[in-house]
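Dock chain B against the given chain A, drawing on the hints supplied.
There are 2 protein chains.
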Amino acid sequence: MSFFPASLENLIDQFAALPGIGRKSAQRLAFHVLALPEENALAFANAITEARRSVHCCKICQNLTEGEVCSICQSDRRDKTTICVVSEPRDVLSIERGHEYNGTYHVLHGVLSPMSHVGPEDIRIKELLHRVAEEDVEEVIMATNPDTEGEATAMYISRLLKPFQVKVTRLAYGIPVGSNLEFADDATLNRAIEGRTEM
Amino acid sequence: MSFFPASLENLIDQFAALPGIGRKSAQRLAFHVLALPEENALAFANAITEARRSVHCCKICQNLTEGEVCSICQSDRRDKTTICVVSEPRDVLSIERGHEYNGTYHVLHGVLSPMSHVGPEDIRIKELLHRVAEEDVEEVIMATNPDTEGEATAMYISRLLKPFQVKVTRLAYGIPVGSNLEFADDATLNRAIEGRTEM
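Chains as they are written, first to last, in this note's numbering: chain A, 2 to 200; chain B, 2 to 200.
Chain A extracted, bound-state conformation (with noise of 0.2 Å):
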């Protein structure tokens, strides 16, 4: 039941193919676009384009940047001994956001997951292991999900980590800051006991 012209339908699927955009909000994204004066809906199309041919993976640390290699892997100021490993690129956002770390990173694209068919090959692990060999890495931070397939990974590459000789760090569990510990689930607290500290 299409009432809709064919490219218009087309644009719709498109749409409703994206996470998290189901057929209604596709729809209006669609009408959205089409009342766009043109060369807005252009641009838009364009920004796909440019964005899939000239972002890629930086060459030593798999982050996404349009050089060869990412501005952080370049910098003289970031201290290069030190290998912070997340999964997605979003993930470095959400460290740097912070001004704190001020080493390098690793982005693995991806945790192990053998429910979806992901295995050590799929996900840049080789990478990793290259950069530790050659590299004069001292120390590489563990900084996937805390959840089971994050958790799983991590343990994963600190165990093929073992022979480098290299300490293998994790982010610590605990109470968010700010938070009520009334809300905290038994698992952090547990863990916010375990990992308790000296004041």
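Source of the hints: derived by calculation from the structure; they are not laboratory data.
Intra- or inter-copy, both count: the list cannot distinguish identical chains.
When the alpha-carbon atoms are kept at most 20 Å apart in a straight line, the in silico SDA-like pairs for lysine to any residue are as follows:
hint: 1; residue 1: K81; residue 2: V70
hint: 2; residue 1: K25; residue 2: D92
hint: 3; residue 1: K25; residue 2: G99
hint: 4; residue 1: K60; residue 2: F4
Quick look at chain B alone, frame taken from chain A:
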């Protein structure tokens, strides 16, 4: 504080400019597009360009179409003596879904809204008057939304149609089918009582 390559930032900006898409969602969508196979990303970009290029308004009813005249206006099986006036193309879809209405449509592409500087010249009222004057129209059904602006628009148009001696009706107000009196607001309930019909 841009940690992303320029073309990725641009794509995020483009997504964030869409209605109902916040900064975080825009990031997620942009990352999704980057992770797509190249041909899928290009297909998305082309869908935008193509839809914007080939979709325009039916010269009769102003609904979106790829041809000169839309399929409803072209059809021999539609009753051309009845015009249902709606504010947006998506409203045509809503009414068509019911398989009850067999007349034609007229899409205004907006409603009168002094607050947003939308006057009678900005929506397709002129085209409707032209149709009523030229074609053999017996009834115009006002099906704008039952909110203040939709009401005002319907009222305004019905007054303009007076001289043409055409029957002007509007959709019935009342309790939604399958709904519950308990949850109906006062205005709806009052309208439902006013508009009661004999059983």
